[in-house]
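Just so you know, the protein sequences line up as chains A and B, in that order.
Each residue of the first sequence is one higher than the last, beginning at 2 in my numbering.
Each residue of the second sequence is one higher than the last, beginning at 3 in my numbering.
Source of the hints: derived by calculation from the structure; they are not laboratory data.
Hints are supplied without guarantee of correctness; some may be wrong.
Covered by chain B, according to a simulated footprint, are these stretches of chain A (three or more residues, beta-carbon under 8 Å) [as the list claims (entries may be wrong)]: (1) 97 to 105; (2) 108 to 121.
Sample of chain A residues at the chain B side, in silico, Cβ under 10 Å [what the hints assert, rightly or not]: (3) Leu-10; (4) Arg-93; (5) Pro-94; (6) Leu-223; (7) Val-224; (8) Arg-277; (9) Val-278.
Each pair of labels, with its calculated beta carbon distance range [unchecked claim]: (10) Asp-213(B) to Pro-187(A): 26 to 34 Å; (11) Leu-77(A) to Arg-333(B): 34 to 42 Å; (12) Met-178(A) to His-227(B): 34 to 42 Å; (13) Leu-317(B) to Thr-213(A): 31 to 39 Å; (14) Gly-85(A) to Ala-300(B): 18 to 26 Å; (15) Met-136(A) to Phe-103(B): 50 to 58 Å; (16) Phe-258(A) to Leu-29(B): 23 to 31 Å; (17) Val-151(B) to Ala-122(A): 47 to 55 Å; (18) Phe-258(A) to Leu-114(B): 28 to 36 Å.
Each residue gets a CB set at the ideal place from its N, CA and C atoms; glycine is no exception.
Residues per chain, in single letters:
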Amino acid sequence: MTTTQLILLQVLNTGVTMGILMLVAIGLGIIYGLMDVINLAHGEFLMLGAYGWVIARLAGFEGWAGLIVAPVVVGLVGFAFERGLFRFLYRRPLDSLLATWGVSLILVQAARIVFGPAPQAVPTPLEGAVELFGMPYGRYRLFVLAVSVVVISVTLAVFRYPTFGLKTRAVFQDAEMAKCLGIRAPRIYSTAFVIGAALAGLAGALVAPMLTVAPDMGGNFLVQSFLVVIVGGAGSLVGVVGGAGVIGGIQGTISYFSSSVLAQVITLTLAIIVVRVRPRGIFTRK
Amino acid sequence: MAVMRKAFGGSSGAGVQVLSASIVLALLSVASGGVARLDQAAVWLILGLFAMSLDLMWGYGGLLSFGQAAFFGLGAYAYTWLTTDKLGVNLHELGTVVGLFAGIALPALVALLLGYFLFYGKVVGAFFAIVTMAVSFLLQSLGMGWSRVFGGSMGISGIPSVSLAFLGIPGSTKGVVAGYLFATVMAAVAAVLMRMMLNTSFGLSVDGVRDNEERLVLLGFKTIHTKLVVFAVASGVAGLAGALYASHANFVSADLMGTLLSTEAVVWVAVGGRGSLIGAFVGALVVRAMGFWLSDIAVDFWLILLGALFIAMVLFGSGGLLGLARSVWERGVRLAARDS
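Whenever a hint applies, use it, and build me the whole structure from the sequences.
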């Protein structure tokens, strides 16, 4: 394998890491930016999504069903939590932190009871590799890359162009004024929350065949998403996507040369330095 | 002298409270499971001291840390590194005493460094909580992965207990009763020292930073320095608790730095009620004892209950057990008054 090919391989792998991280972090970022709620149960939405494969198999669906089941189920779970608990916590960041951590503990333990504590392997729905630049590359990883690019673009477009996106950005900037202009903010919150949860669920379903599925798998993705929000700034979707690009890129590159734990420690150190230099994130204009 | 007497006179109460709680716990433990159960109870005392360190941060300083165990664990590892062959600096019995001080110093220094970046970066509130949580989570991952230094998933065992034998003073804190007494004394002394600090004018500025930082800044206080000192002292106390834990349990692992212990401490402080030190101490004893008792019945449901406690404390206010009892009482009185 030539150096160029190695670099290309590395770029593709980093792209996959970045894509997944963006899908997870968008939800966390939207929910924080819109409602001042830091959702510590967001990692568990991803975990539930990963178990989507297991649930689909138990329900008798084979093949691709898990990928469709996951975001739908997690979106519904998100909707239930939003109506039942989270909506009472809007604009109370510290309280929301405590309550969502409670939800996180409950979901992890419930998953342990229902699915068992041991990590489970999920078979890849797309076997084999394709020839790419003269080297073999896993077809499933390419698929994940493509899905992330499409879904992230669609999400960005949804929050940009249709009336829904316009209203959301209005609430984002000034909730009180938006309400005065007749925008039903609670409905925006609810929709945004469900979209965020479903995206995390999709991310979970996408990573499942590449990793093992375990009840406590969400923690790592949650902490990564924190770092994204810290580095990118929670002010806008662009910030979140940019932050995920930076963090995912550094993660992917360092973990290629060294261990992934070291990569995480370095990204954390970087995030703490960024906080000192650019408290509002590198992608937020003053 | 008068100043010292004033500071100490108002502070010894904290020590008396800790001693009383410890005596009650000892009586209950011996009554329910014999002297051997004191071994378990001493761990709770140490965790009670840990809870007080978080109360200093959260209840007094207004800084909610979701990663306090990072400093507890660092203290435990500092003690371990000086008393075992792990890093090649085994000081043996001398190390057990030096280790206690190192267990305070290392976390305090790390906190100063971390605090410098965070407080000058104006990280407060929920953001401070998630950054500290990330620190705790990643230290745990690092500990799991770096077995040459942290012992990895096996942890490090065979850590000696604190002993003064190198000074010719016989005995160690290894025994069940000696270990319990040692934990009690250390917790009481630390509580008195924290209370003394809070009783000074510096303590008043800590209250000020919590209640209205902006006003303090306008009055010319360097509030960032105040927060740095609170963070460092609280981390040092957490580290002392960690070192005591290593000495008592003779075993450390990466979990001691992790998010579960970090957030469990938040529950202890919330249950006991913020801003009273003794409340946090008792909160830790009560919640741990409850967990111990419940795990006989249903170990699977303990974490679910813990999660429910988190949600409950948000929905039912922030006064802890005391506050809850008070509000129930007041509601009862109101109802009675309306009926009559």
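Results for each hint:
By the rule of at least three residues with a Cβ nearer than 8 Å to a Cβ of chain B, the coverage given for the segment 97 to 105 of chain A holds, with 8 such residues. Only when three residues or more bring their CB closer than 8 Å to a CB of chain B does the claim for the segment 108 to 121 of chain A stand; here the count is 5, and the claim holds. Below 10 Å, beta-carbon pairs count as interface contacts, and Leu-10(A) has none with chain B, the closest being about 24 Å; its hint is therefore violated. Residue-level restraint check for Arg-93(A) holds (minimum Cβ-Cβ distance to chain B is 8 Å; threshold 10 Å).
Contact between Pro-94(A) and chain B, as hinted, is supported at the beta carbon level, the nearest pair being about 4 Å apart and thus within 10 Å. The beta carbon of Leu-223(A) is positioned within 10 Å of a beta carbon in chain B (closest approach about 8 Å), and the interface hint is therefore held. With a cut of 10 Å, the hint placing Val-224(A) at the interface with chain B holds, because the nearest CB-to-CB distance is about 5 Å. Annotation: interface hint on Arg-277(A) holds; nearest CB of chain B at approximately 4 Å, less than 10 Å.
With a cut of 10 Å, the hint placing Val-278(A) at the interface with chain B holds, because the nearest CB-to-CB distance is about 8 Å. Against the hinted window of 26 to 34 Å, the Cβ-Cβ separation of Asp-213(B) and Pro-187(A) comes to about 32 Å, which satisfies the hint. Our hint of 34 to 42 Å for Leu-77(A) and Arg-333(B) holds, since their Cβ atoms are close to 37 Å apart. Roughly 39 Å separates the CB atoms of Met-178(A) and His-227(B), a value that falls within the hinted 34 to 42 Å.
Hint check: Leu-317(B) to Thr-213(A), Cβ distance near 36 Å, so the stated range 31 to 39 Å holds. At about 24 Å, the CB distance of Gly-85(A) to Ala-300(B) agrees with the hint of 18 to 26 Å. One distance hint, 50 to 58 Å for the beta-carbon pair Met-136(A) and Phe-103(B), holds here, with the actual separation near 56 Å. Range check, Phe-258(A) to Leu-29(B): Cβ separation about 58 Å, and the 23 to 31 Å hint is violated.
Range check, Val-151(B) to Ala-122(A): Cβ separation about 31 Å, and the 47 to 55 Å hint is violated. Distance hint for Phe-258(A) and Leu-114(B): a CB-CB separation of about 31 Å, consistent with the stated range 28 to 36 Å.
The structure is inconsistent with the numbered hints 3, 16, 17, although it conforms to all the rest.
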